[in-house]
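J.: Sequence:
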Amino acid sequence: MSHVVVDGSHGLEQQLAVLDLNSADGQGAGSGRRYIPPHLRNKDASKNAGNAYSSGRQSGYSVAQVQSYSPGWDGGRSNGFVNGYHDGRMNGTANFGRGPPRNDRGGRGSFRGNRNGGSFNQPMHNAGYGTYENKDGGWNSVVNRDAYTSFGGRSDRGKSAFFNDRGAGSRGRYERGGFGGGTGGNSRWVEESRDEEDWSKPLPPNERLEHELFSGSNTGINFEKYDDIPVEATGTNSPGHIESFHDVDMGEIIMGNITLSRYTRPTPVQKYAIPIIKAKRDLMACAQTGSGKTAAFLLPVLSQIYTDGPGEALQATKASSQQENGKYVRRKQYPISLVLAPTRELALQIYDEARKFSYRSRVRPCVVYGGADIGQQIRDLERGCHLLVATPGRLVDMMERGKIGLDYCKYLVLDEADRMLDMGFEPQIRRIVEQDTMPPKGARQTMMFSATFPKEIQILARDFLEEYIFLAVGRVGSTSENITQKVVWVEENDKRSFLLDLLNATGKDSLTLVFVETKKGADALEDFLYREGYACTSIHGDRSQRDREEALHQFRSGRCPIMVATAVAARGLDISNVKHVINFDLPSDIEEYVHRIGRTGRVGNLGLATSFYNDKNSNITKDLLDILVEAKQEVPSWLENLAYEHQHKSTNRGRPKRFSGGFGARDYRQMAGGGNAFGNRGARNTGGNRGFGGNKGGFGSFGGDSYGGNYGNYGGNYAQVDWWGN
DNA sequence: AAAAAAT
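Read in order, the letters of the first sequence correspond to residues 1 to 726 in full-length UniProt numbering.
Hints were generated in silico from the structure; no laboratory data involved. Among the clues, some could well be false.
Dumping the calculated DMTMM-like pairs for lysine to aspartate or glutamate here, alpha-carbon to alpha-carbon at most 20 Å [claimed, not checked]:
{"#": "1", "residue 1": "486", "residue 2": "312"}
{"#": "2", "residue 1": "486", "residue 2": "589"}
{"#": "3", "residue 1": "519", "residue 2": "492"}
{"#": "4", "residue 1": "318", "residue 2": "198"}
Note that the structure is a prediction, hence the values are computed from the model and not measured.
Make a model of the complete structure from these sequences and hints.
T.: Next up, the structure:
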């Protein structure tokens, strides 16, 4: 099978186009301006955005921007990023005067500020109920609406326009009372919206917002390559899967946004999950990140909300609101849907997806997570919240402050459930789901996603889900053949110089993610790389949220094409175009390894993962070997020998050493059951069914016992799992 | 042992 490199839309120009467009105007440089997290930026656009941006945006501006900005830093980088890097670093330091002279800590990534320009002339709090307050929306730009901005209208996006009615969504309110910035129009608008709200009809397009949401480079999922990913759905009356987004009716808003997102075909998990969720069934899905699962739940959930409308939640929100100085202030929000995620960055990422799929709808997504200004988050909530993405701790906080009520939460999603439990979130999760006002299972629809299905998750599923469908999706990308995995023996003392060699051999435009085991190690390595003149950044849990988000942005945008990271970045983060993952320190846990290398080779791209191995990594040897074999990778003979020895030692503890020492790789291969494994590695133990092990028949069965032992052949964790807690 | 997460 050929590897399709989906790279057409990931060029540097595309990345430039989504960079902060204010970066050269001095605003982002900080000068004491309060930090605004990415999702809240541009809220007060009227304050600090010149009107310069609201015009000239209409056509072709991205090209102009790219050209005018590229000399600024890209030019420097293509000559070797050393120079541009130091320049930027000095700027940053001068501007913020804090911390060591790190490029991303100094705010040189002037992307903060208000990258979207502003088209509000009108403060949002005047808006009242049911207003057009899709994030960052502003009705001024509605003026720009034309065929170009409507769904499907772009010639390069092909297909039919989902909005051939063109005026349907905009009938009435916006054109009459909405935009224009006049304050007088608002009251009439409010009244209107109370009556004839039809949530299934699209609101008018907003070119600026549309461009902001959909011009990113990491949207177009192209999963043709993954048609052979096995998926199995079990449970009573499981709905059949779809093959196309058109096979299920998700309404014109969703279909339009799918087109804008350039999603051509559903990924395997989407093919199955979408109809299951549309059928209002609870779902337990075992799927890796990178499989498209965020859209797999967002699309059907949002579609259902559009179809059903806000219902009681709207009434409740209204009831909790009160009038102050002639304005409605929402005291408590009653989201219709809640998505829980383990890490802040993942929450943000899900939120960003939600914004795309709620474009031109009346659904207003919000995100809350720790480490950021809670006051700002509260104000954002008060502007309306229909879909909430949250990390558990901050959500509990919000609930205790009376800012969020889950009484009318009809859709609950637990993403990366296993990770949340690993991180000790179970009490908070149970507090949120079971000990508050959330409707009980059965009355709500609950979807759980997890990469693994250990006992704790089974119990949680039993407690939270009703008559659920179990979905098992083979791994996508993580250990598949589009990632080339290399393991090299590198002593601790040689790691740094070896790393430099690797970095020097890497293309300038490729993103490289370097994993280390400790936060201290991350700082140290980043400092080292900095001193060596590399444009790098780092992310770990001891850095402030602001720094983490900024680092991520610097990396994503290519400004710092090297990022040193701890486990915080291993899972869930979808960064397109990561060409190389380097395990500077190997993790002790194979799951962690799989997640880490899964940061590259995403959505059909080819990727490279290089791991530094030495004596300290013996604990992962056996599992690492299994992964390499399963993914048909070249296995160094020394690793094979070590794996055998280690396994032998651990399974035959106490046996004399000579016993294990007497066997070589050849013996190991025979024991491994493959016989001829060297020439035919992939055949070993995989049953010809990649990612699933050999026992497909019983895979995923309810109450069965075969899933655990076979899932993915890795880690061995599954095998020890007793399914239903018996 | 380390990492993550509410302050």
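J.: Now tell me, hint by hint, if it's right for this structure.
T.: Each hint, compared with the structure:
no.: 1; hint: 486 - 312; result: 55 Å, violated
no.: 2; hint: 486 - 589; result: 17 Å, holds
no.: 3; hint: 519 - 492; result: 17 Å, holds
no.: 4; hint: 318 - 198; result: 17 Å, holds
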